[in-house]
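Order-wise, the sequence lines are chains A and B.
Counting in this note's numbering, the first sequence runs from 109 upward without gaps.
Counting in this note's numbering, the second sequence runs from 3 upward without gaps.
Certain hints may be false.
Stated by the list, open to error - Restricting the straight-line Cα-Cα distance to at most 25 Å, the calculated cross-link-like pairs of lysine-lysine (DSS-like) are:
(1) B:Lys-183 with A:Lys-347
(2) A:Lys-292 with B:Lys-250
(3) B:Lys-96 with A:Lys-370
(4) A:Lys-283 with B:Lys-250
(5) A:Lys-292 with B:Lys-20
(6) A:Lys-217 with B:Lys-183
(7) B:Lys-29 with A:Lys-138
(8) A:Lys-238 with A:Lys-312
(9) A:Lys-129 with B:Lys-20
(10) A:Lys-212 with A:Lys-282
(11) A:Lys-292 with B:Lys-280
(12) A:Lys-404 with B:Lys-20
(13) B:Lys-247 with A:Lys-292
(14) A:Lys-404 with B:Lys-80
(15) A:Lys-129 with B:Lys-117
(16) A:Lys-292 with B:Lys-29
(17) B:Lys-96 with A:Lys-407
(18) A:Lys-282 with B:Lys-315
Don't read these hints as lab results, they were simulated from the structure.
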Amino acid sequence: MKKLFPAQEIGSLAKPRWRVKGYRGEQLSKEEKAEAVNWGRKLGIANLSELVKLLGEKASSNRRKAMLEWSAKYAIRFFESAGLDVVFDGEQWRSEMYEHVIRKTAGFKFLGHVKSFDYRYFDKAACVDKPKYVRPFYFDEFLFTKENTKREIKVPVTGPYTLVDWTFNEYYEKKFSGEFGDFKRRKFEARREFLFDLIKEVIKPEISKLVGSGAKWIQIDEPAATTNPTDEEMKLFVKSFNETVKGFNCAFSLHNCYSNYKVLAEYACELQNCSQLALEFANRDSRQNGIGNTRKGYKEIRLLEDHGFRGNYGLGVVDVHTDFIEPPELVRDRILHVVKMIGDPSRIYVSTDCGLRTRTWETSFKKLKNMVLGAELARKALK
Amino acid sequence: MIGCYLTGILPRPKELIKVTRAYDRGKANEDELEEAFENATVKVIDTQISDGFSYVTDGMLKWQDLFRPFTENLSGVKMGGLARWFNNDTFYRKPIIVGDVWRKKSIIEKVSYTKHQPKNLPWKAILPAPYTFVQLSENQFYTDETELMFKYAEVLQEEIKGLARRGFKYVQLSDPALVYKPTATSMASDNLNFIGEALKLAVQGVPVKTCLQTFFGDFSEILPGALNFTVDHLGIDLYETNLEKLKKHSFDKGVALGLVDSRSSLVENEDELVTVAKEIVGSIYRSKICEVFICANCDLEFLPWEKAEEKMKVISGVTESLKEEFS
Numbered sequence: 109m110k111k112l113f114p115a116q117e118i119g120s121l122a123k124p125r126w127r128v129k130g131y132r133g134e135q136l137s138k139e140e141k142a143e144a145v146n147w148g149r150k151l152g153i154a155n156l157s158e159l160v161k162l163l164g165e166k167a168s169s170n171r172r173k174a175m176l177e178w179s180a181k182y183a184i185r186f187f188e189s190a191g192l193d194v195v196f197d198g199e200q201w202r203s204e205m206y207e208h209v210i211r212k213t214a215g216f217k218f219l220g221h222v223k224s225f226d227y228r229y230f231d232k233a234a235c236v237d238k239p240k241y242v243r244p245f246y247f248d249e250f251l252f253t254k255e256n257t258k259r260e261i262k263v264p265v266t267g268p269y270t271l272v273d274w275t276f277n278e279y280y281e282k283k284f285s286g287e288f289g290d291f292k293r294r295k296f297e298a299r300r301e302f303l304f305d306l307i308k309e310v311i312k313p314e315i316s317k318l319v320g321s322g323a324k325w326i327q328i329d330e331p332a333a334t335t336n337p338t339d340e341e342m343k344l345f346v347k348s349f350n351e352t353v354k355g356f357n358c359a360f361s362l363h364n365c366y367s368n369y370k371v372l373a374e375y376a377c378e379l380q381n382c383s384q385l386a387l388e389f390a391n392r393d394s395r396q397n398g399i400g401n402t403r404k405g406y407k408e409i410r411l412l413e414d415h416g417f418r419g420n421y422g423l424g425v426v427d428v429h430t431d432f433i434e435p436p437e438l439v440r441d442r443i444l445h446v447v448k449m450i451g452d453p454s455r456i457y458v459s460t461d462c463g464l465r466t467r468t469w470e471t472s473f474k475k476l477k478n479m480v481l482g483a484e485l486a487r488k489a490l491k
Numbered sequence: 003m004i005g006c007y008l009t010g011i012l013p014r015p016k017e018l019i020k021v022t023r024a025y026d027r028g029k030a031n032e033d034e035l036e037e038a039f040e041n042a043t044v045k046v047i048d049t050q051i052s053d054g055f056s057y058v059t060d061g062m063l064k065w066q067d068l069f070r071p072f073t074e075n076l077s078g079v080k081m082g083g084l085a086r087w088f089n090n091d092t093f094y095r096k097p098i099i100v101g102d103v104w105r106k107k108s109i110i111e112k113v114s115y116t117k118h119q120p121k122n123l124p125w126k127a128i129l130p131a132p133y134t135f136v137q138l139s140e141n142q143f144y145t146d147e148t149e150l151m152f153k154y155a156e157v158l159q160e161e162i163k164g165l166a167r168r169g170f171k172y173v174q175l176s177d178p179a180l181v182y183k184p185t186a187t188s189m190a191s192d193n194l195n196f197i198g199e200a201l202k203l204a205v206q207g208v209p210v211k212t213c214l215q216t217f218f219g220d221f222s223e224i225l226p227g228a229l230n231f232t233v234d235h236l237g238i239d240l241y242e243t244n245l246e247k248l249k250k251h252s253f254d255k256g257v258a259l260g261l262v263d264s265r266s267s268l269v270e271n272e273d274e275l276v277t278v279a280k281e282i283v284g285s286i287y288r289s290k291i292c293e294v295f296i297c298a299n300c301d302l303e304f305l306p307w308e309k310a311e312e313k314m315k316v317i318s319g320v321t322e323s324l325k326e327e328f329s
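When you get a sec, could you build the whole thing from the sequences and use the hints?
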């Protein structure tokens with residue numbers, strides 16, 4: 109992209125109440141219908157009366173499909189109206205980044221809820237058979253997005269290393285039982301085979317369909333990349349990324365967040381065909397304006413540079429876990445600080461730290477608008 | 003003696019999860035939440051009794067994480083943000099040390115359910131060990147980590163004595179940071195001596211049996227130094243430990259063998275576990291066999307309750323087979 113500091117999002121956007129209830133086939137309140145109409149007007153969505161009619165209809169598979177399309181259309185317009193240069197559909201077709209893939213793939217069984225923290229839980233699956241590609245899980249969503257925007261598209265894809273890390277590995281551990289005297293070695297070998305089977309049988313076939321239909325940029329989401337920070341595991345992660353992207357005529361990038369970048373920095377250069385590292389930084393940073401010591405949240409960029417990473421940065425300048433609206437001047441200073449660190453402004457895409465699914469649409473819109481304004485201020489400052 | 007017990011927090015059964023979620027969303031009140039905790043506690047205690055466990059815990063269902071009762075009840079400690087719990091997809095709230103650490107009241111009493119624990123079986127409590135507490139806290143007050151570690155060890159000693167007065171017979175100190183590779187590799191042998199000293203202070207004069215339970219890392223890496231720790235038993239995660247290296251050492255104290263994998267839903271083959279346990283016991287006890295406990299390698303809370311229940315049956319089955327072997 110020729111423009112300096114193009115603005116992008118990472119993936120998810122909250123699902124509005126009318127989308128959630130509409131998809132489930134539940135009755136909507138007046139307020140919820142009004143929310144759909146008000147945002148529709150604000151975003152310049154055409155044929156709103158059709159949506160209102162649909163929201164009053166009985167539950168059916170057609171209504172569910174239509175709800176996905178309407179909410180995706182809203183999300184695309186949302187990002188465009190905020191001024192982003194690179195967009196997707198806010199992952200409106202996906203229940204959640206993990207479940208969406210696992211539920212549409214054969215070989216998995218959900219076992220129940222385990223604790224994440226406090227009173228929060230997640231539904232965890234076990235791999236009970238060799239994973240098998242049954243039907244596309246991102247393809248239709250991509251086609252819809254492609255038909256509904258003229259902006260550059262970045263398709264977020266949940267990475268295989270994360271899918272494996274978040275899944276119990278019954279099938280492969282059973283397969284390897286008795287093969288190694290050492291439990292630790294057995295688990296590692298079982299994990300390795302699960303990972304590369306998943307890449308070969310499921311992830312690559314889906315990427316192949318996306319690329320075959322015109323996807324030009326795919327972002328591999330790997331929040332678990334540094335969960336196991338040993339050399340053996342990090343090498344496994346790198347190998348899994350390289351195998352995932354190998355052989356496709358498409359740009360790839362990696363998104364990682366709330367992780368140990370000291371560990372990631374050591375291995376980032378080994379990632380092949382990885383044009384961008386989209387990382388969370390704003391969450392670690394102060395809210396004061398300025399360049400230099402104030403910008404403590406961006407210090408790990410130095411580690412990445414020192415280890416020789418020369419790709420682009422998807423620079424997290426907006427914190428997604430707070431309602432604080434970053435002023436454009438703060439966004440500008442975060443960008444200019446990193447320009448000073450790396451010397452080459454063309455390597456920076458401005459970005460949110462992660463997906464915006466935990467923020468309201470009102471908050472997300474303000475945050476994105478200011479992110480775009482901050483990028484504009486940074487461009488002016490460099491003129 | 004061959005026995006078995008739990009080594010950490012149990013998963014919350016479905017019914018309890020439902021109420022905690024409702025509570026979190028403002029759709030259940032304090033009384034309903036408390037009733038759900040009580041019912042679930044009775045259930046997990048009954049399971050341990052019917053599985054023939056040698057020591058019984060209350061399942062620690064109310065513990066949000068291993069440190070939470072300490073971050074909430076110790077003077078000089080405040081609750082920080084969420085941080086990843088080692089290499090797991092679970093999180094804990096970081097204890098922030100902001101002042102002199104001291105025990106103003108019982109730390110775990112409010113989250114314990116001793117009233118439901120059986121009168122005819124000994125009780126076990128589980129607390130964070132000094133090294134792990136220090137490694138996973140953020141020290142903003144003491145000049146160095148050693149000072150904090152010894153201060154916390156004093157607190158632990160008071161707490162363990164309090165637990166003994168309330169009827170507990172066994173206290174486990176959980177010490178994953180001691181063996182978890184990214185934190186343990188930087189540990190010099192001098193550090194191991196300091197850690198041993200802090201541990202000694204924590205258990206000095208306590209009238210209960212004690213165990214230092216390690217997990218998420220290779221126990222053989224801290225041998226033979228760990229054999230000098232002044233605890234009755236040493237707990238070993240057999241899914242992270244190099245078994246051949248382990249078998250080369252000779253033990254003169256009891257062990258808790260983490261033979262069941264809490265981080266895998268695959269239910270283990272009992273015969274295989276019996277064989278592995280026999281090999282280890284035969285190797286590390288060359289003259290006289292000390293106390294051996296069969297257990298999960300770490301907290302079973304990484305599994306849904308139904309799987310944990312199955313795994314507890316495996317622990318029980320393996321223990322019974324070993325009792326026959328070594329009787």
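Pairwise hint evaluation, B:Lys-250 against A:Lys-292, where the allowed Cα distance is 25 Å at most: OK: A:Lys-292 and B:Lys-250 at ~18 Å, within 25 Å.
Pair hint B:Lys-247 and A:Lys-292, alpha-carbon separation not exceeding 25 Å: It holds: about 13 Å lies between the C-alpha atoms, which stays within 25 Å.
Restraint check for B:Lys-96 with A:Lys-407, where alpha carbons must lie at most 25 Å apart: Roughly 22 Å between the alpha carbons, so the hint for B:Lys-96 and A:Lys-407 holds.
Pairwise hint evaluation, B:Lys-20 against A:Lys-404, where the allowed Cα distance is 25 Å at most: Not satisfied, since the Cα-Cα distance of roughly 41 Å exceeds 25 Å.
Holds or violated: A:Lys-212 to A:Lys-282, with C-alpha atoms at most 25 Å apart: Since the Cα atoms of A:Lys-212 and A:Lys-282 sit roughly 23 Å apart, the hinted pair holds (cutoff 25 Å).
Agreement of A:Lys-292 and B:Lys-20 with the hint, judged by alpha carbon distance not exceeding 25 Å: 35 Å, violated
Pairwise hint evaluation, A:Lys-138 against B:Lys-29, where the allowed Cα distance is 25 Å at most: 23 Å, holds
Straight-line alpha-carbon gap A:Lys-129 to B:Lys-117, limit 25 Å: 44 Å, violated
Distance restraint between A:Lys-404 and B:Lys-80, which requires alpha-carbon spacing of 25 Å or less: Since the Cα atoms of A:Lys-404 and B:Lys-80 sit roughly 23 Å apart, the hinted pair holds (cutoff 25 Å).
Hint consistency between B:Lys-183 and A:Lys-347 [alpha-carbon to alpha-carbon, up to 25 Å]: Distance ~22 Å between B:Lys-183 and A:Lys-347 Cα, so the pair holds.
Restraint status (C-alpha distance of A:Lys-238 to A:Lys-312 at most 25 Å): 15 Å, holds
Pair hint A:Lys-292 and B:Lys-280, alpha-carbon separation not exceeding 25 Å: 18 Å, holds
Of the numbered hints stated above, those contradicted by the structure are hints 4, 5, 6, 12, 15 and 16, listed in ascending order.
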